[in-house]
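Peer 1: Given next are the chains, with one letter for each unit.
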Amino acid sequence: MNNRRSFIQQSAAAASALAFPLVAGAQPKAVKVGILHPVTGALAYSGQQCRVGAMMAVEDINRGGLHGLGGAKFDAMLGDAQSSPQAGIAEIEKMNEAGVSAVVGAYASAICLATTQAAAKYKLPHVVDVGVADQIVERGLKNTFRFGPGYKTCATVAVNNLTVLNTVAGKPARTVMIVHEESLFGTGTANLLASELPGYGFQVIDIVKHANPTRDFNNIVLRMKSLNPDIVIPANYYNEYVLLVRTMQQQKVVPKAIYSVLGGAASSYKFVKEFPDAANGIIDCNHWFNPKDKRSAALRKRVEAKGLFFTYEIFNTYTAVMLLADAINHARSADRAAITEALAASTFSDHFLPYGPTKFVNGQNQGAQPLMTQVIKNDIRVIVPREYREAEPVFPMHA
Amino acid sequence: MGFDILFPSVLNGLTTGAVYALIALGLTLIYGVLHIINFAHGAALMVALYAVYVLKHQLGVDPYLALPLVVPAMFVFGYALQRLVINRASHGKDENILLVTLGISIVLENLALMIFKSDTRSIDTAYTLSTLQIGPAFIAVPKLVAFGGALLTSALLLWLVARTDLGRAIRAVARERQGAKLMGIDVEHVYAMSFGIAMACLGAAACFLLPAYYVNPQVGSGFVLIAFTIVVLGGMGSFAGALLGGLLVGVVESLCGLLLGESLGQIGIFVIFIAVLLFRPTGLFGARA
Chain A
1 MNNRRSFIQQ SAAAASALAF PLVAGAQPKA VKVGILHPVT GALAYSGQQC
51 RVGAMMAVED INRGGLHGLG GAKFDAMLGD AQSSPQAGIA EIEKMNEAGV
101 SAVVGAYASA ICLATTQAAA KYKLPHVVDV GVADQIVERG LKNTFRFGPG
151 YKTCATVAVN NLTVLNTVAG KPARTVMIVH EESLFGTGTA NLLASELPGY
201 GFQVIDIVKH ANPTRDFNNI VLRMKSLNPD IVIPANYYNE YVLLVRTMQQ
251 QKVVPKAIYS VLGGAASSYK FVKEFPDAAN GIIDCNHWFN PKDKRSAALR
301 KRVEAKGLFF TYEIFNTYTA VMLLADAINH ARSADRAAIT EALAASTFSD
351 HFLPYGPTKF VNGQNQGAQP LMTQVIKNDI RVIVPREYRE AEPVFPMHA
Chain B
400 MGFDILFPSV LNGLTTGAVY ALIALGLTLI YGVLHIINFA HGAALMVALY
450 AVYVLKHQLG VDPYLALPLV VPAMFVFGYA LQRLVINRAS HGKDENILLV
500 TLGISIVLEN LALMIFKSDT RSIDTAYTLS TLQIGPAFIA VPKLVAFGGA
550 LLTSALLLWL VARTDLGRAI RAVARERQGA KLMGIDVEHV YAMSFGIAMA
600 CLGAAACFLL PAYYVNPQVG SGFVLIAFTI VVLGGMGSFA GALLGGLLVG
650 VVESLCGLLL GESLGQIGIF VIFIAVLLFR PTGLFGARA
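As you go down the protein sequences, you meet chains A and B in turn. Residue numbers 1 to 399, in the working numbering, belong to the letters of the first sequence in order. Residue numbers 400 to 688, in the working numbering, belong to the letters of the second sequence in order.
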């Protein structure tokens, strides 16, 4: 009897001891992640869009939790890089102190270059959401993973397709003028284009650099008027892109085509809606989603329901956070080294970007590619490559 | 590069230069009367720009209609600042005034940073991108308004200094502080009035500037550097010099931007600045010391 009673007591105690971790397991420790973007300063609009995309991903992940960690949730630590690399580094220091497991960010190339380096000091995995400068993944940093394409890939794709479009149209365009912003992204893109274009029979007649912010493009457009290039290639951020194109409209400068490479506004629904006349016909080689994947349309609907525009910042950062969640699920750990290892081995394919399954080599996703879009009838349509094509390209826009 | 390109560029430079002149006029007035360089000039312009921005953004007041609000407000701000802060803290020593104005600029910029963050903000009006054709040039309407407005304000200031009792008092204090005091002029009041008028000029400049420009907490520093150049170029304390210097600097900046590339536009300004310092240190219109 005694024995039986003590057996029952002991088993009850054992059961409750076993049950405790089960109860605790229902609410596993949240995984702290840093979400770092330039939400104030010259790049505030883009940075805020990035943050929205990231937070929507966090929201989606937290609905079911991270299955690799027993349903643990993401605890997002938001950072503001204030549109400057120094402020970005300061935020990385803070995030490291706070013990984040990984960082997703930081939009602009110059900021990413600084934040990935700072994060590397602490072996803190850093998923780069946009940052197109290739130097970001060329320094051998083991913690840095860029999901999207770099500017070398984008420039090559753009130049190849420009050649094809021009040849098909009977080679109406020969001369090119490049207008770019002065930081790493714009300068790097412009240099790449300037070195590639002559090899394909195009003559680069001028390369003009401008500051961020610039509120007067009259001189640049006057220069354009005097040089009269067939094609204008802008590589800059949203505000300046819009102002440049509107000033061209104002000064009645009409090239055969505006052909952007990573143009800040060229494939932005905001630009198309606010200035349909200025946007019409513009071609862009930029980050874009697979228009045939239903999930992209669903996310776009959710974003627009918030009264926001579905821009590349949103879907790039959304997917970057998803990539991180996938890696943590595979790592089954919130440990920095384990996440880094899982990212390096990632085969993440459950997304709606036209990249295929993820494969990182030296931190660069090999399948990442830009798509070519054109503003046609107040909408942005994919024109190249063929498997994603929604509309036939119109080139040249003006004879 | 033909006339149809150079002409619009010169026109553009003139319109920008007129606003530069307006900013420089305030600076030269303060220098002429108080014999100090006002380091808070850029920060005060930034405050005025934010005032215009808030009026448009929160209350929907058109920047040009904001003139009768912003100009008097900036005058009161300037008068009070000189009377209650600068004058008291400086104890009559010029080098103290210099430091006080520097301190004020730091305080103002950081207050703006705290309230508005470091975002670059601009306003959009119906006329922001509308143009007017003058010969081969398409000039933005806000720039033309700024040009006219700045010239008008400058003319008003020149008239005030030349023809009114207050103007005579200002000139008297500028020339001979002790003598003016002995003649019964309230020197402290004239100091504060001069500071207030200079700030009112900035208020007008802000109303003309914002429709075609932007504002962030650091926006003033770019202007203040150019305004200093204009003041030295035109001759310290000379009003006509500031006006012509402003227009000249605007044109030089525009042409250099056109010919040398946009980011090198300001090189020309500083080349002229150095040349003036070397060959005519009193400036184009400065009295020989």
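Each hint should be verified, as a subset may be incorrect.
Simulated pairs of lysine-lysine, DSS-like, Cα-Cα distance not exceeding 25 Å [as the list claims (entries may be wrong)]: (1) A:Lys94 x B:Lys516; (2) B:Lys455 x A:Lys273; (3) B:Lys516 x A:Lys270; (4) A:Lys270 x B:Lys455; (5) A:Lys142 x A:Lys121.
Keep in mind that the hints were calculated from the coordinates and are not lab data.
Peer 1: Lys94 (chain A) and Lys516 (chain B): Cα distance at most 25 Å?
Peer 2: holds, 19 Å
Peer 1: Holds or violated: Lys455 (chain B) with Lys273 (chain A), Cα cutoff 25 Å?
Peer 2: holds, 23 Å
Peer 1: Take the C-alpha atoms of Lys516 (chain B) and Lys270 (chain A), compute the straight-line distance between them, and say whether it is at most 25 Å.
Peer 2: holds, 23 Å
Peer 1: Is the straight-line distance between the alpha-carbon of Lys142 (chain A) and that of Lys121 (chain A) 25 Å or less?
Peer 2: Distance ~10 Å between Lys142 (chain A) and Lys121 (chain A) Cα, so the pair holds.
Peer 1: Taken at face value, is the distance from the CA of Lys455 (chain B) to the CA of Lys270 (chain A) at most 25 Å?
Peer 2: Holds, because 22 Å separates the two Cα atoms, which is no more than 25 Å.
Comparing the model with each earlier hint shows no violations; every hint is respected.
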